[in-house]
Amino acid sequence: MFSRFKNAVIGAVSGLETNGIPTPNDPHSYNKQTLAPKFLYGRPAFLNLSEDEVQMSADHRLRPIIHPSMSLPHHAGYAECVNAGKSKWNEDQAVYRQGVLTRVEYNDKQGVQKFSIPYTYYGIFDGHAGVGAALCAANQLHHILHEKLVDAQDDIWIAFSEKKRLKTKPSDLLITGALEAAFKEMDQVIAEDRTKYQAAGGCTALVALFILDKLFVANAGDSRAIICKDNKFTLMSMDFTPENERDRIRRLAEQQPNLLGQEFTSKEYVRPPKSSELGKTVMYRDAHMSGWAYKTLQVDDLKVSVITGQGKRSRVMGIIGVTRGFGDHDILSLYQRTPIKPFLSSHPEVQVHKITNVTENEVLVMGTDGLWDVVCGAKAAEVVAKSLNTFMEKERYVSAATCLVGSARGSLVNEHSWQLKDGKPSSADDISVFVIPLLPYKLEYEKLLGKYSETAESS
Amino acid sequence: MSYAYLFKYIIIGDTGVGKSCLLLQFTDKRFQPVHDLTIGVEFGARMITIDGKQIKLQIWDTAGQEAFRSITRSYYRGAAGALLVYDITRRETFNHLTTWLDDARQHSNSNMVIMLIGNKSDLESRREVKKEEGEAFAREHGLVFMETSAKTAANVEEAFINTAKEIYEKIQEGVFDINNEANGIKIGPQHSPTNPSLPGAGGAGGSQGSSCC
Ligand SMILES: Nc1nc2c(ncn2[C@@H]2O[C@H](COP(=O)(O)OP(=O)(O)OP(=O)(O)O)[C@@H](O)[C@H]2O)c(=O)[nH]1
Ligand SMILES: [Mg+2]
Numbered sequence: 193m194f195s196r197f198k199n200a201v202i203g204a205v206s207g208l209e210t211n212g213i214p215t216p217n218d219p220h221s222y223n224k225q226t227l228a229p230k231f232l233y234g235r236p237a238f239l240n241l242s243e244d245e246v247q248m249s250a251d252h253r254l255r256p257i258i259h260p261s262m263s264l265p266h267h268a269g270y271a272e273c274v275n276a277g278k279s280k281w282n283e284d285q286a287v288y289r290q291g292v293l294t295r296v297e298y299n300d301k302q303g304v305q306k307f308s309i310p311y312t313y314y315g316i317f318d319g320h321a322g323v324g325a326a327l328c329a330a331n332q333l334h335h336i337l338h339e340k341l342v343d344a345q346d347d348i349w350i351a352f353s354e355k356k357r358l359k360t361k362p363s364d365l366l367i368t369g370a371l372e373a374a375f376k377e378m379d380q381v382i383a384e385d386r387t388k389y390q391a392a393g394g395c396t397a398l399v400a401l402f403i404l405d406k407l408f409v410a411n412a413g414d415s416r417a418i419i420c421k422d423n424k425f426t427l428m429s430m431d432f433t434p435e436n437e438r439d440r441i442r443r444l445a446e447q448q449p450n451l452l453g454q455e456f457t458s459k460e461y462v463r464p465p466k467s468s469e470l471g472k473t474v475m476y477r478d479a480h481m482s483g484w485a486y487k488t489l490q491v492d493d494l495k496v497s498v499i500t501g502q503g504k505r506s507r508v509m510g511i512i513g514v515t516r517g518f519g520d521h522d523i524l525s526l527y528q529r530t531p532i533k534p535f536l537s538s539h540p541e542v543q544v545h546k547i548t549n550v551t552e553n554e555v556l557v558m559g560t561d562g563l564w565d566v567v568c569g570a571k572a573a574e575v576v577a578k579s580l581n582t583f584m585e586k587e588r589y590v591s592a593a594t595c596l597v598g599s600a601r602g603s604l605v606n607e608h609s610w611q612l613k614d615g616k617p618s619s620a621d622d623i624s625v626f627v628i629p630l631l632p633y634k635l636e637y638e639k640l641l642g643k644y645s646e647t648a649e650s651s
Numbered sequence: 243m244s245y246a247y248l249f250k251y252i253i254i255g256d257t258g259v260g261k262s263c264l265l266l267q268f269t270d271k272r273f274q275p276v277h278d279l280t281i282g283v284e285f286g287a288r289m290i291t292i293d294g295k296q297i298k299l300q301i302w303d304t305a306g307q308e309a310f311r312s313i314t315r316s317y318y319r320g321a322a323g324a325l326l327v328y329d330i331t332r333r334e335t336f337n338h339l340t341t342w343l344d345d346a347r348q349h350s351n352s353n354m355v356i357m358l359i360g361n362k363s364d365l366e367s368r369r370e371v372k373k374e375e376g377e378a379f380a381r382e383h384g385l386v387f388m389e390t391s392a393k394t395a396a397n398v399e400e401a402f403i404n405t406a407k408e409i410y411e412k413i414q415e416g417v418f419d420i421n422n423e424a425n426g427i428k429i430g431p432q433h434s435p436t437n438p439s440l441p442g443a444g445g446a447g448g449s450q451g452s453s454c455c
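Sequence lines, in order, name chains P and A. Each number in the working numbering comes from the position in the first sequence (counting from 1) with 192 added on. Each number in the working numbering comes from the position in the second sequence (counting from 1) with 242 added on.
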């Protein structure tokens, strides 16, 4: 049965060949044009936009800041706006989900008992080279994560209900592990989809998971999460850019120089060496070095550093400016077509934050780099504090999100340039922001504790 | 549904004057007694007929709240019509009209048709602004004027439709360059050769092929 199916597939492919469509060695690049996208473009489902509104939301001259028309859990805020024209559609995506881990127990006294641990999930995904990967992540990552959490739910339950005699791993590690495994699997799903669906491009991923008494922030990419309280902020994630991941990438290159092709070197030079300098000494550093040293310039040194550029403009192999996330399985360097994916990672950094001490004015802000390129943490905290003081609970967090997007988007001063109030250039990128109050999750946890301490005592 | 023209409107004015209620009455024929503060902007749309032609109104309902002023300013651009609304029971909303008008004139295209609206005409007993004052302000600044009630629906249709008629007349007179979308006017899809479509619109359904669900 299986082999017949396989033959049918091969027949289909060779049918394409005879139609004159070349089949290069890369098995994933045939009939790419004829494949359908896995998910149709749209804005986040919770925005509930009509098709008209989807078109309006992509107006590059007005860049309307849109927000959900219905309340998110606990009036959490969200707002977004499209880029100033760099791509036709908004390549960011966002999602939230509420899920429950359920455990059924049976004992003679009470019969069947059901225990539920609720969780809330928020994700933002910043796409590049297309909208596909971000759409996949926004539609699938929470399902994958849910499966991973369900796998661990008995252990999570035991860790929660029998705090005193721990038989299992602490639930922090179980949940962190679920997030890490889900990120990996998401990237694999996108890899496998390459033969079935239209090319997806890539995306970053930033996920916040509220479960029990903790907030877990998993980040792979250059989106960022912070916690704001009054006018202060705390970082909840680090940005993964070529510049910040210099060490990881150069070390990998040093260990596996074959990944560099003929074009790149793991070494770095104070300035790019020229062939006229062969035999002279140049200042360099290699992967294992934090400082600089001299060496004699050899032909091999004339290759391009695997990481070039500074800050926002740093690149891996001259192409990609973000080093973690999903997708990008087929990207190649420009000249010698060296695969870049081995240097990228889907592995998230997971930060854990206990929420049992949070206060009413504490919020989690999640934003794509469109926000953080021009709004620093202190400024964000100030904008949030102002909204929290001005508005009632129902509007508070949506207003904060809207004002954050507004303060990054600025305004159009002439036909082409967007500016901030102080005259500096504003963000021309897609901008997406969540503002999530923390206190409700603390209260939710306390309620859960109350509910299950009763059942624990009676059993 | 197909249309001959699409006109973009913007509704502006102080918070609480009834902008969102006017829109809701016009699009849904409903009245909303509680004040749901608009955050940034919200959208509405309705089809009307003028001179036998289907015209789609795309309406941007902006927030009057001060905190959103710098954001909403960017939405004036590319509007063909504006409804400038005050509340006849609150004089300060009438006093702020010049600020709103200055803002609108500065950030919009010069041909934008502005309709001045004194809303909440059903609250006659609490009136603070005489109808004559509204008329005088409109005359002085070259605006069209009307008193409305979003509650009883009095004059609501007329306010939106008369604005569209003015725009339509300006088109007939050749005042508007209808090929420039920046003027807030778009020719309907059946009248123009290109029809923007979503990427991957060839696919089947929204959730097709999601393997893990
Ligand atoms: N009696 C009466 N009340 C009205 C009328 N129009 C609006 N209201 C009331 O006025 C309040 C504010 O109306 P909204 O339409 O939400 O005000 P808005 O101008 O959109 O305010 P922002 O969104 O903050 O800018 C609500 O409580 C409405 O019920 C009206 O014509 N008559
Ligand atoms: Mg309103």
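Please keep in mind that the hints were generated in silico from the structure rather than gathered at the bench. Values in this document were obtained by computation on a predicted structure and should not be read as measured data. The C-beta atom is built at its ideal place from N, Cα and C for all residues, glycine as well. Where hints are given, some of them may not hold.
[What the hints assert, rightly or not] Below, computed lysine to any residue pairings styled on SDA-like, alpha-carbon distance capped at 20 Å:
no., chain 1, residue 1, chain 2, residue 2
1, P, K586, A, K428
2, P, K571, A, K428
3, P, K578, A, P275
4, A, K428, P, K578
5, P, K280, A, T257
6, P, K578, A, L279
7, A, K393, A, L266
8, A, K428, P, A237
9, P, K571, A, R311
10, P, K280, A, E423
11, A, K373, P, E574
[Stated by the list, open to error] From chain P, some residues computed to sit far from chain A (all C-beta separations above 10 Å):
no., residue
12, E245
13, G303
14, D343
15, K421
16, K424
17, V496
18, S579
19, L604
20, E638
[As the list claims (entries may be wrong)] Computed beta-carbon distance windows for the label pairs:
no., chain 1, residue 1, chain 2, residue 2, range
21, P, S263, A, A287, 21 to 29 Å
22, P, N240, A, V276, 40 to 48 Å
23, P, H252, A, E382, 34 to 42 Å
24, P, K424, A, N421, 50 to 58 Å
25, A, N421, P, G277, 42 to 50 Å
26, A, D344, P, P265, 38 to 46 Å
27, A, V276, P, G277, 35 to 43 Å
28, A, D278, P, Q502, 42 to 50 Å
29, A, E382, P, P617, 34 to 42 Å
30, P, H252, A, T340, 14 to 22 Å
31, P, K466, A, N421, 33 to 41 Å
32, A, A287, P, Q290, 27 to 35 Å
33, A, A287, P, G277, 49 to 57 Å
Now the hints, each set against the structure:
no., hint, in the structure
1, P:K586 <-> A:K428, "violated (36 Å)"
2, P:K571 <-> A:K428, "violated (39 Å)"
3, P:K578 <-> A:P275, "violated (28 Å)"
4, A:K428 <-> P:K578, "violated (39 Å)"
5, P:K280 <-> A:T257, "violated (34 Å)"
6, P:K578 <-> A:L279, "holds (17 Å)"
7, A:K393 <-> A:L266, "holds (10 Å)"
8, A:K428 <-> P:A237, "violated (28 Å)"
9, P:K571 <-> A:R311, "holds (19 Å)"
10, P:K280 <-> A:E423, "holds (17 Å)"
11, A:K373 <-> P:E574, "violated (43 Å)"
12, E245, "violated (6 Å)"
13, G303, "holds (33 Å)"
14, D343, "holds (14 Å)"
15, K421, "holds (20 Å)"
16, K424, "holds (21 Å)"
17, V496, "holds (34 Å)"
18, S579, "violated (7 Å)"
19, L604, "violated (6 Å)"
20, E638, "holds (30 Å)"
21, P:S263 <-> A:A287: 21 to 29 Å, "holds (23 Å)"
22, P:N240 <-> A:V276: 40 to 48 Å, "violated (21 Å)"
23, P:H252 <-> A:E382: 34 to 42 Å, "holds (37 Å)"
24, P:K424 <-> A:N421: 50 to 58 Å, "holds (52 Å)"
25, A:N421 <-> P:G277: 42 to 50 Å, "violated (20 Å)"
26, A:D344 <-> P:P265: 38 to 46 Å, "holds (41 Å)"
27, A:V276 <-> P:G277: 35 to 43 Å, "holds (39 Å)"
28, A:D278 <-> P:Q502: 42 to 50 Å, "holds (47 Å)"
29, A:E382 <-> P:P617: 34 to 42 Å, "holds (40 Å)"
30, P:H252 <-> A:T340: 14 to 22 Å, "violated (32 Å)"
31, P:K466 <-> A:N421: 33 to 41 Å, "violated (54 Å)"
32, A:A287 <-> P:Q290: 27 to 35 Å, "holds (31 Å)"
33, A:A287 <-> P:G277: 49 to 57 Å, "violated (25 Å)"
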